[in-house]
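J.: The residues making up each chain are set out below.
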Amino acid sequence: ITIVDVVPLFHNGTLAPMLEAAAYMADKYAKAIAGDGAAVVGYYFANEHVDDDAVPVQAATIGSTIAQALSAPACVVKIANAKLRDPGDSALVAYEPSGPVWTRCDSPIKLKPSAANLFLDALDADVPIVDFDLHLDDVAYDWRNPHIADWVSEHNIAKSPSSF
Amino acid sequence: EELRRVERRGTEAMAAVLKQLRSRRVRQPAVAARLGQRVLASAGGRRGLGDEVWTVREQTLIAALDVDEAALARECEAAVVARFEGARAKRLEGLAAEARGDLDAASATYAGMLETNAANAAALKREICVLKAKRDVQGAVEKLTAYVGKYQSDRYAWQELAETYAGAGLYHEAIFCYEELVLFEPTATRYLCRIGELHYTAGRDAGLSNAKKLDAFLTARKYFAHCLHLAPDADGASRPGFGLVLATNAVAEYKPDDELNLALAATAAARLKSLYKAKAAPNLVTTAVAPFVANHTASR
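Protein chains in written order, with the numbering used here: chain A, 1 to 164; chain B, 165 to 464.
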């Protein structure tokens, strides 16, 4: 699975209506930027507690729903809080479905370093990240985060799609 | 750069910024920790603060805990604890212990505070935080419930309880809490919308009977519609807008030709379109919002 973009969703508790709206629109966006073959292929999450390594029920359900809708490989990605301390570690752990349960992938996530670095540069320059919650509070904020791509091109850094 | 300019202007300017953060109750821990540290490190700065030096120490301590500046936090804590013994200082001791991960020490501190005063709200709330840190959801809910029993007008506590229930999938319990909040603020669309979202989410339970599902969607529809009625042009109208599109779409599966449902669906679509056209990037409408509305339109 190659992931070319992510849409951050909610930081205030996920409930069905906004999730359904966001998922539908994210899928439309995926096709707009990467062609009809593109789709929402997975769901990423981060747990509240630094030592909580489990895939929460909600994430598993959402992942399974995506997999069903796709009838193609899907993934769930956890941000492993404990690994965030190590700047060299992407802290991303992928899970694949085996029946209703999500198990850790044997193969690790391959992150294009240039992708992570240029994003970090933007963050250091205080470019804001807009998630869906922020967008819903004020639709002038764009959850596609085009301003990050704009900042990157303005600073003449070579853009490359992030591949996992 | 803004920060550096303030720093260059000296400790009085820094203290003024710290005061603004306190009075506006703005949480900017990186700024507060940095400025607090500089002001407190300078003898002239401390003198200039007068008695406020203790408030600044408190503010700096909490900020240092937020941004994990352990040394700075220890310094502030030591100073405060050496000088004060009351509940306010004890609470800071407890916070510092929590941040260190020493939950037992924190619990002991709060238990001590409650022995002195069983109604100390700060201690009661921190106990709940300790339970959350231990991932004892059941315990946290029990203590939160007891807390809102004592402090019925503490809206943040009711909301915390609501969201704790929602996170555990207990949507009806969460709705109960938000209904209490609506009693305090009947026109607060953020509460009304959340109730709508909770009803809709509950309706998505595959195990429910059709009658119960319809009931959930109808209730959600009512709340979303009410939000749009109360604040049609507000920035936050997108939430009830999307909610109403989805709720009317869900209801339409059971009542495809219901006039009221169709009218509400049309209202929702119109509200969303006008909000997005006024404020959002144009291609966001064409790429995402318009297809969403078209695909979830109740008129079949």
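To be clear, the hints were calculated from the coordinates, so they are not data collected in a lab.
Virtual Cβ for every residue (Gly too), placed ideally from N, Cα, C.
Worth double-checking, as some hints may not be accurate.
Said to hold, decoys possible - Selected chain B positions facing chain A (in silico; Cβ < 7 angstroms): (1) Arg264; (2) Asp268; (3) Arg299; (4) Ala330; (5) Phe348; (6) Arg368; (7) Asp369; (8) Gly400; (9) Gly407; (10) Leu410; (11) Tyr440; (12) Ala444; (13) Ala445; (14) Thr451; (15) Pro455; (16) Phe456.
J.: Give a verdict on every hint.
T.: Going through the hints against the structure:
Because the smallest distance between the Cβ of Arg264 (chain B) and any Cβ of chain A comes to about 13 angstroms, over 7 angstroms, the interface hint for this residue is violated. The restraint placing Asp268 (chain B) at the interface with chain A is violated, with a minimum CB-CB distance near 16 angstroms, outside the 7 angstroms limit. A distance limit of 7 angstroms between C-beta atoms decides the matter here; for Arg299 (chain B) the minimum to chain A is near 6 angstroms, and the interface restraint holds. For the restraint placing Ala330 (chain B) at the interface with chain A, the shortest Cβ-Cβ distance is roughly 6 angstroms, inside the 7 angstroms limit, so the hint holds.
Against a cut-off of 7 angstroms between C-beta atoms, the interface hint on Phe348 (chain B) is violated, since the closest Cβ of chain A lies about 20 angstroms away. With a least beta-carbon distance of about 5 angstroms to chain A, the hint placing Arg368 (chain B) at the interface is held under the 7 angstroms criterion. For Asp369 (chain B), the interface hint is violated, since its Cβ never comes within 7 angstroms of a Cβ in chain A; the closest pair sits about 10 angstroms apart. The restraint placing Gly400 (chain B) at the interface with chain A holds, with a minimum CB-CB distance near 6 angstroms, inside the 7 angstroms limit.
Taking 7 angstroms as the C-beta cut-off, the interface hint given for Gly407 (chain B) holds, the closest approach to chain A being about 5 angstroms. The criterion of a C-beta within 7 angstroms of any C-beta in chain A is met by Leu410 (chain B), whose closest approach is roughly 5 angstroms, and the hint holds. Of the supplied interface hints, the one on Tyr440 (chain B) holds, with its beta-carbon coming within about 6 angstroms of a beta-carbon of chain A, less than 7 angstroms. The interface hint given for Ala444 (chain B) is met, as the beta carbon of that residue sits about 4 angstroms from the closest beta carbon of chain A, less than 7 angstroms.
Hint status for Ala445 (chain B) relative to chain A: holds, with the closest Cβ pair at about 5 angstroms, below 7 angstroms. Using the Cβ-Cβ criterion of 7 angstroms, the hint placing Thr451 (chain B) at the interface with chain A is satisfied: the shortest such distance is roughly 5 angstroms. A hinted interface residue such as Pro455 (chain B) counts as satisfied when its beta carbon comes closer than 7 angstroms to some beta carbon of chain A; here the least separation is about 5 angstroms, so the hint holds. Annotation: Phe456 (chain B) was flagged as interfacial toward chain A, and the flag holds, the nearest CB pair being 5 angstroms apart, inside 7 angstroms.
In summary, the structure is inconsistent with hints 1, 2, 5 and 7 from the numbered list given earlier, while agreeing with the others.
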